[in-house]
Amino acid sequence: MKILPVDKIREADAYTIANEPIADIDLMERASAACFSWIAEKMDEKKSIHVFAGTGNNGGDGLAIARMLQLKHFPVKVYLVGPEKNLSPSCKLNFHRFKNIAPDCIRFVSENDTLPLIHRSDVIIDSLFGSGLTRPAGGFSASVIRHINESRALTISIDVPSGLFCDSSYKAADKPVIVEADFTLTFSPPKIAFFMPENDVYVGRWQLLDIGISQEFIEHTSVKYFLLDQQMLVPKLILRNKFDHKGTFGHALLICGGYGKMGAAVLASSAAMRSGAGLVTLHAPSSGVQIVQTAVPEAMMSIDENDRKISSIPDLSPYTAIGTGCGLGMDEQTQKAIKFLIQEADQPIVFDADAINILGENKTWLGFLPKNCILTPHPKEFQRLAGKHKDDYDRLQIQKEFSFRHHAYVVLKGAYTSISTPEGECYFNSTGNPGMATGGSGDVLTGLITGLKAQGYSSLDSCLLGVYIHGLAGDLASEETGQEALVAGDIIKHLGKAFQTLYGKF
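Just so we're aligned: the sequence shown equals residues 70 to 575 in the working numbering.
These aren't lab readings, by the way, just hints derived from the structure by calculation. C-beta atoms are modelled at their ideal positions from N, C-alpha and C, and glycine is treated no differently. Errors might be hidden in some of the hints.
As the list claims (entries may be wrong) - Capping the alpha-carbon separation at 25 angstroms, the derived lysine-lysine pairs in DSS-like fashion look like this:
(1) 71 <-> 116
(2) 154 <-> 111
(3) 562 <-> 315
(4) 305 <-> 116
To be verified - Listed next, with one range per pair, are the computed distances between beta-carbon atoms:
(5) 566 <-> 266: 20 to 30 angstroms
(6) 102 <-> 300: 22 to 32 angstroms
(7) 70 <-> 573: 17 to 27 angstroms
(8) 316 <-> 463: 40 to 50 angstroms
(9) 169 <-> 483: 47 to 57 angstroms
(10) 552 <-> 102: 29 to 39 angstroms
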């Protein structure tokens, strides 16, 4: 699914209006009806609902939603923030529509008025500003936003939380004032703001509503950001033929583990086996042999001469993909081994954990990485590797520049894990949950991506499929364990079901 910047969303709306064709007021009615249906299904009809509407089209959405709620006997009060003369044509029409059915339930408010008392048990619908806001909320509008936030009532924002920028960071503004929504009901396609960690406190949980924006326009619009979904990924899957054998599906090498950290190597190896790779070999310290042979009997062993750490690299010629970093440590001998790996490997390498930290301490080595390598850092590891950032939008730009400069794929782990490409594109993952924030989850991802790469998937497809399936397995696992009790091994146990879910869409 494409993620469009605000200017392209405006063009998409205009194209839909002109080519469906549909009047602006009717497209607004369609959007409002989608929001109303969601609200009516989830809200107690006895709760008092306060709608704060602006004078633009976002305010028109709020007024139309209020009318629909009023007709279903929800107790609704509407407060229009701004003078009547400033109402946009569609907002003005919806103002009169609401006023005709409930004249005592709507009023204009200004800085000379006392804002309504809102109880914590009430519901607020925020439709002050839409997605086109380009400067911080100020004056009386800022006072209204503070009043909304201070009430602590359940707040539903329409399209975007009022005061939030869609395509840039609010951190550049001096003391920004933004609605802290519990839910954001937004219209397809999604906005990039929803994938930035800094905006989570404002966006809350967001719901994408399809209001029939022209798919023709979206399909023909070039973008750099995408949201991973099944429709995008199913065509990338390799189907197995009857006469395929283990040699068909490649040989993955994992260079992982150290004394006291062999669990990381076990998790990565298990995930690589569950990825569908034909063969998996783990190169690990000799003290880890018994552990691995017992825990992952399907994996073969390449035994390092050192008892406690990785100190050398095996012959790389038999392998179709290489992954390293899990449980590795930062010993000087290990760092020299990683340098040798970079010099000798013809295959793209998947770097995780301490392998990334080693690169962070030896940045000159980055220039010698084989093309199409994959790096899977968490935010702190990425900062050590690429430097500090001003805000999350700046970090995204740094991530894209890093991929371009080093012709590598960066999988920046977290909620909506982002995958940047050498071509300047970025994909955000739609699967996964906070229960996956547990030790070993990243090791599972490394093994999974390495195993996919071994089978012949491109570096990009290995990243996209690996991240999506990893998150999907975590979601399936959390349905059984809950998020708090979820551990990395649960993700591995559910990889098969995650693959089945994708393949079932053929």
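Now the hints, each set against the structure:
1. 71 <-> 116: violated, 37 angstroms
2. 154 <-> 111: violated, 35 angstroms
3. 562 <-> 315: Holds. Residue 562 to residue 315 sits at ~21 angstroms (cutoff 25 angstroms).
4. 305 <-> 116: Violated - the C-alpha atoms of residue 116 and residue 305 are around 47 angstroms apart, more than 25 angstroms.
5. 566 <-> 266: 20 to 30 angstroms: Holds, at about 29 angstroms.
6. 102 <-> 300: 22 to 32 angstroms: Between residue 102 and residue 300, where Cβ atoms are some 25 angstroms apart, the hint holds.
7. 70 <-> 573: 17 to 27 angstroms: holds, 20 angstroms
8. 316 <-> 463: 40 to 50 angstroms: Holds, since residue 316 and residue 463 (Cβ atoms, about 46 angstroms apart) stay within the stated range.
9. 169 <-> 483: 47 to 57 angstroms: holds, 49 angstroms
10. 552 <-> 102: 29 to 39 angstroms: Distance hint for residue 552, residue 102 holds at roughly 34 angstroms.
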